[in-house]
Each structure stands twice: as structure tokens, then as C-alpha cells.
Amino acid sequence: MKLLLIEDDRDAAGYLVKALTEAAYTVDHAADGREGLFQATENEYDVIVADRMLPHLDGLTIIEVLRKQGSRTPVLILSALGSVDHRVEGLRAGGDDYLTKPFALSELLARIEALLRRGQIAPAPEMKLRLADLEMDLLARTVTRAGRRIDLTAREFKLLEFLLRRAGQVVTRTMLLEGVWDLHFDPQTNVIDVHMSRLRQAVDKGFDQPLIQTIRGAGYSLRVE
Amino acid sequence: MRTSVLRLSVVYAATFAVALVALVFAIYLLTTRFINTEVDTVIERDAQSLLQAYGRGGTRGIVGELTLRATTFSRINAVYLLTDSEGFVIAGNLPAWPVMGARDGQWVEFEIEFREGGRELRRPVRAVVLQPAVGLRLLVGTDLSDRRELGQRFAVAAGIATVLVTLLALGIGYRQSQRILARVEGVSRSCKEIVDGNLGRRLPLAGNDDEFDALAIEVNELLARLARTTDILRTSLHSAAHDLRSPMHRMRLRVEQTLGDTQPAESSATSPERDALELVLNDVDHMQRVLTALLQIAEAESGTVGARPEPVALDTMLSELGELYQPQAEEQGIELRVESESGSCVLGHRQLLAQAVANLIDNALKFSSPGSCVALKTWQADHRQIISVTDQGPGIPADERARAVEPFVRLSNAPPRDGSGLGLNLAAAVARLHHGSLKLEDHNPGLVALLDLPAYKVTKTS
Chain A
1 MKLLLIEDDR
11 DAAGYLVKAL
21 TEAAYTVDHA
31 ADGREGLFQA
41 TENEYDVIVA
51 DRMLPHLDGL
61 TIIEVLRKQG
71 SRTPVLILSA
81 LGSVDHRVEG
91 LRAGGDDYLT
101 KPFALSELLA
111 RIEALLRRGQ
121 IAPAPEMKLR
131 LADLEMDLLA
141 RTVTRAGRRI
151 DLTAREFKLL
161 EFLLRRAGQV
171 VTRTMLLEGV
181 WDLHFDPQTN
191 VIDVHMSRLR
201 QAVDKGFDQP
211 LIQTIRGAGY
221 SLRVE
Chain B
1001 MRTSVLRLSV
1011 VYAATFAVAL
1021 VALVFAIYLL
1031 TTRFINTEVD
1041 TVIERDAQSL
1051 LQAYGRGGTR
1061 GIVGELTLRA
1071 TTFSRINAVY
1081 LLTDSEGFVI
1091 AGNLPAWPVM
1101 GARDGQWVEF
1111 EIEFREGGRE
1121 LRRPVRAVVL
1131 QPAVGLRLLV
1141 GTDLSDRREL
1151 GQRFAVAAGI
1161 ATVLVTLLAL
1171 GIGYRQSQRI
1181 LARVEGVSRS
1191 CKEIVDGNLG
1201 RRLPLAGNDD
1211 EFDALAIEVN
1221 ELLARLARTT
1231 DILRTSLHSA
1241 AHDLRSPMHR
1251 MRLRVEQTLG
1261 DTQPAESSAT
1271 SPERDALELV
1281 LNDVDHMQRV
1291 LTALLQIAEA
1301 ESGTVGARPE
1311 PVALDTMLSE
1321 LGELYQPQAE
1331 EQGIELRVES
1341 ESGSCVLGHR
1351 QLLAQAVANL
1361 IDNALKFSSP
1371 GSCVALKTWQ
1381 ADHRQIISVT
1391 DQGPGIPADE
1401 RARAVEPFVR
1411 LSNAPPRDGS
1421 GLGLNLAAAV
1431 ARLHHGSLKL
1441 EDHNPGLVAL
1451 LDLPAYKVTK
1461 TS
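As given, the protein sequences belong to chains A and B, one line each in that order. Residues in the first sequence are numbered consecutively from 1, following this note's numbering. Residues in the second sequence are numbered consecutively from 1001, following this note's numbering.
No lab work stands behind these hints, which were simulated from the structure alone. In this text, a Cβ means the ideal position worked out from N, Cα and C, and glycines have one as well. Don't take each hint at face value.
Cβ-to-Cβ under 8 Å is the rule here; a few derived chain B residues that face chain A [said to hold, decoys possible]:
id, residue
1, 1219
2, 1252
3, 1302
4, 1308
Computed list of lysine-lysine pairs in DSBU-like fashion (alpha-carbon distance at most 35 Å, straight line) [what the hints assert, rightly or not]:
id, chain 1, residue 1, chain 2, residue 2
5, B, 1457, A, 158
6, A, 205, A, 128
7, B, 1377, A, 158
8, A, 128, A, 158
Some chain A residues flagged as far from chain B (calculated, every beta-carbon gap over 12 Å) [as the list claims (entries may be wrong)]:
id, residue
9, 68
10, 87
11, 116
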């Protein structure tokens, strides 16, 4: 997977390139906006990670130009500006996700992975989501595991659907809060963990093979270990 | 606005009408006085010449003169009567003495009755009584009916004119007030937009250099300066955010990198260095939370939130937040109750409002003990939308309650928290951004946090 990192902070960029390379990405680095736009138009990338405030050309302009040229490469915006307004601006400019600095590397990796997978999801609407013996019927709004019906609240259903659509990926707490609740702030307590432990009770209790995995320091993942 | 237009134009017309009536009345009074004086002068002169005729020719002289005047050379509307002391008519154009007991030189007013074409008519007369000699009584007067009629016509004409002019004034007043109020309305609409955060808006100019335009230009200059200041403030907040977050970002990356590099062979193994680095990560995350909260408070307090406010359905928001915190409350053995009136709506920023309420719930749960209840409610009261979060915890002492919602104030005995510790301050700042307030009250036992916001009327389009 080829990734372009546009980041003017040399130190930060160095660490990010190292971490992303370790995560098996082929990383190109551009140190300013002009170079970033040049590289983004010259080469094919699977994902672009762009800082918002850059010399010569800011991140939002780069995305706008790319989108006007017809590029659909997913872009993750990194920014030291963290308000909801900035996030909305970033997404409106054509960005696909927005991450405020400082962030945990695991958060960055989870979000890049989510962007890459999003491109692969078939556009046809799915009627059923499956993982191992877990099956979710989106029309009937029912969930069964090994043929046994699992009763979920509306929100638990939404939570499980979010995880099933990203089966195998790491999903962070903030991604869950954004994706399932549409809340873009950091609650002071671990409300998400309590929801996940309830979902785990419903989905995994009484089965030999746990499907909801806790990824230490990152979040959760729905997969067969 | 409609009522103001009506009220202003009625006041305008009424003022005009009163002035007009006063003017007409003054003219009427002056004119009638002038006419009356003239009548008296004419009568006096007439009487004088008759007395002179008596002086020249005695009774015969005056009778001759009277007969002459009463029949041919009389002035218009003249009334004469000469009688003896018994009341026997000697000469004149009246059939009988009209007033009893009038003395020499006395002015009298009476009416004479006569028939004309089968109709009984009464005519007012003003006259002077004289005694040219013993045994003679002379009455010289003027029929006033023409003058009276003139006065009446004058009154009618004045009345009609007053009514017409008043109607005209009402019309003009209505149009003028409408124009003025339309401009006032334009200004107030613009002001409302500006207050709601659209600092780019300016007051409209009519382009006719009137006082309104002068005022608008002044206000617009003020707004331009305000917009500049806000811009500077926003830019400095952003650069502060950038300048603080960038090194924190590097710090976090460095620590994470080091932790990754020093990955021990056995993943369960720990070392003092690794523990210290993990703590540094926690500290960075805590700093990040505090910084974010501080910046949010600063943005909300200075009104530099860029996005336009939108209708936010509070009943939906509260039930979602209640549902978000429900499992956590249950874990703590606390009953979390949500009661909201449907149609509860405010104009604002959903994320900020949700965060404010989430902070209040966080706070309530933090200070609640198992078995107690936290209630989340919203209701409308007199164009206000109130959101309350009630707990049965220890509460906050009365003297600290007001201070707790001031910007950047932290309570002295606030226990250490895992959050930013600025939850209440942020909630208060968000309330103020929405032209509302956050009040903390005693719930005896416990605390009730009241977010008091202007209600938004939902207009149903479907």
C-alpha cells in the first residue's frame, strides 16, 4: 500500500514515516504544500495523509485541487486545529477524515486502515453481514449466532453493524463515538468501554470463540483470533 | 412591529388634529369677537344718529327718521322700535316691545318670531335700549341670523377640514412610520444576525444620507473593528493551539517511538523506563484534554465559533446522551432518568451543546453514590428552554456555586479528576455562547445544574 505523507514538521514527519513503514506502508514524504500537491498528482497513492497548515499551500487547498482534478484518493487530514468547525471545514473541502494532533499512533493507523477499506466496500447495498457464525440481517434487524437469536437494543445493533462492516480492522473509541453516536468530543469517562463490554456479553457469552477483541492501547476489533 | 406602525401613526395624526382644532378655534373666537364688536359699533352709531334726529325735531323728528329707515334706507338687518311708556308702538319694524324691564343704555338679546311661507321662524337680535325722553323708549338693533349662519358654516367647514386633514395626517403618518419602522426592522434583523455570530453582516444603507444612514455607517465601522478584533483573536487562538499542539504531538510521537524501539522480548515484561514513558503518554493525553477544553472555552466565550447555528432537537439529543451514559450509570448502580418534552429545540451548535450536557452528566455521575438517581430533563418555560441535570450527591457549597461557572475558575476543593477538570466551565461557556446561562442550585441533597437557553420555535414545513 502506497501512502503520501504531507507534513512540514520534520521531526514529526520522521517519526510518522518510521511508524507507517513499520506498519508495512510504502511511504513518500513531502515537506511542504507545493511539493505535496506535485507528488499527489504525479503518483498514484492509496491514501494521502496531509497536515492542514503547510507552507506555500495549505492542506485544504491541496485536497480541493485534487478533488477538482477528479482524484478520489482518500485523504486523512492531520491538524493542530481541533474544533468541530475545523473538522467540518476539512471534510467539506473534500477530506475523508480528520485527526487532531497530538494523536496516538494506533489511532492514526486505525483510521488509515478504515479509509483504505472504505474504498473496497462494494457499492451494492448489503442485506446481510456475516463473520464466522455471526449473522446480521439488516432488513429484518435481527442478529443470530450459530443459529441462535441474539437480542440487542437499537444502539447495540448499530454498534455491532459498525464493527461488522469493519470486521478485521481496529476500531478506536473515538471512531465508535463518531460513527455510532455522531459525537465529536472526548467524553471524560470510558462510556464506550461499558457499551462494548455489554455488547461482548450479548455476542460472545456462551460461545467458545470470542469475536470482539480488545486491542490494547488502541480500541477494539471484530475478528476471529 | 405592526402595532408600532399603528400606534405611531395614530399619535402623529392625533397631535396634528389637536393642533389644527386649536388653530381653527382660535380663528373662530377672534372672528366672532370682531364681528360682535362691529355689530355693536354699527348699532351705537345708528342709535346716536337717531338721538340726534330727536334733538333736532323732537318726537316727530325721530318718528320721521325711524319710519324712513325702517322702510327704505335702512341698513341690512336693522331692527327699530319706538314706543311710549305704556308700550304703545309709535314707529319701527317690530310688532311689540320684545324685552321687559330694560333700562336706558342696556344691551339686550332676544328672538323675534314670525311666519314666512307657513313656517315659524325665529331670528336672533342684538339691540340697545335708549330713552330719548321721558315717556319714550327706543330700541335699536340688528338681526344676527346671517352672522349666526356664517358662524355655523364656519364651524361646519372647520369640522370637515379638521376631519380631512386628520385622515390625511393618519395616512401620511402611517406611511412614514412604516418606512421608518421598516428601516428599524432591517437594522434589528441585521443586528440579530450579527449577534448570532455572523460578524460579516453589515447594517443596510438606504443611500439617502439621512440620520439612519449616518447611524448605520457608525455602527458598521464599529462592526468592522469588532470583526477585525475577533479575527485577530481567532488567529491568535489558532496559533496558540498550533504552537502548543505541535510540540505535544512531537513529544507523543517520540515517546511512542521509544516505547516501540525498546519493545522487550517478552511482551509482558516491564521496566522502570517503560513505566515512566507510559506515564508521560498519560500526561500528554491529559494536557491535550485540558488544552482542548481551554481552547473551546476561549472560543465559546469570545464568540469566535465559526459555524452558523442550526436548530438542535434537544429531546433527541438528551435521549441519545442518556442512552450513551445508561450502561455506565448502571455499572455504578445509579438510576439515570431522562424526561424531555417533545419539540424541545434550541438554535445552536449540536456538538458543543451535546458536550456541555455530557459534561454535566459526567459530573453528576462522578459525585453520585450507588442507589441514587441522576435525572436529565428538558422543558420549555416562557420562551426559554431549560435543561436540568440533577444528582443526589454531596452538592457544592452555596458560596462556591456561583464561582464554579465563571470562565476558567476551578473550585478549591475539587477532587482530582481524570478529565480536563473544566467540564462545568465549558458547559457555562457554551451556555453563554448560546445567549443562555448555566446555574447551579441546591437540590437538597445534591446539585441541580440548569442550562437556561433561548427556545427555538420549530416551524413545521411538512
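* Tell me, in ascending order, the numbers of any earlier hints that this structure violates. => 1, 3, 4, 10
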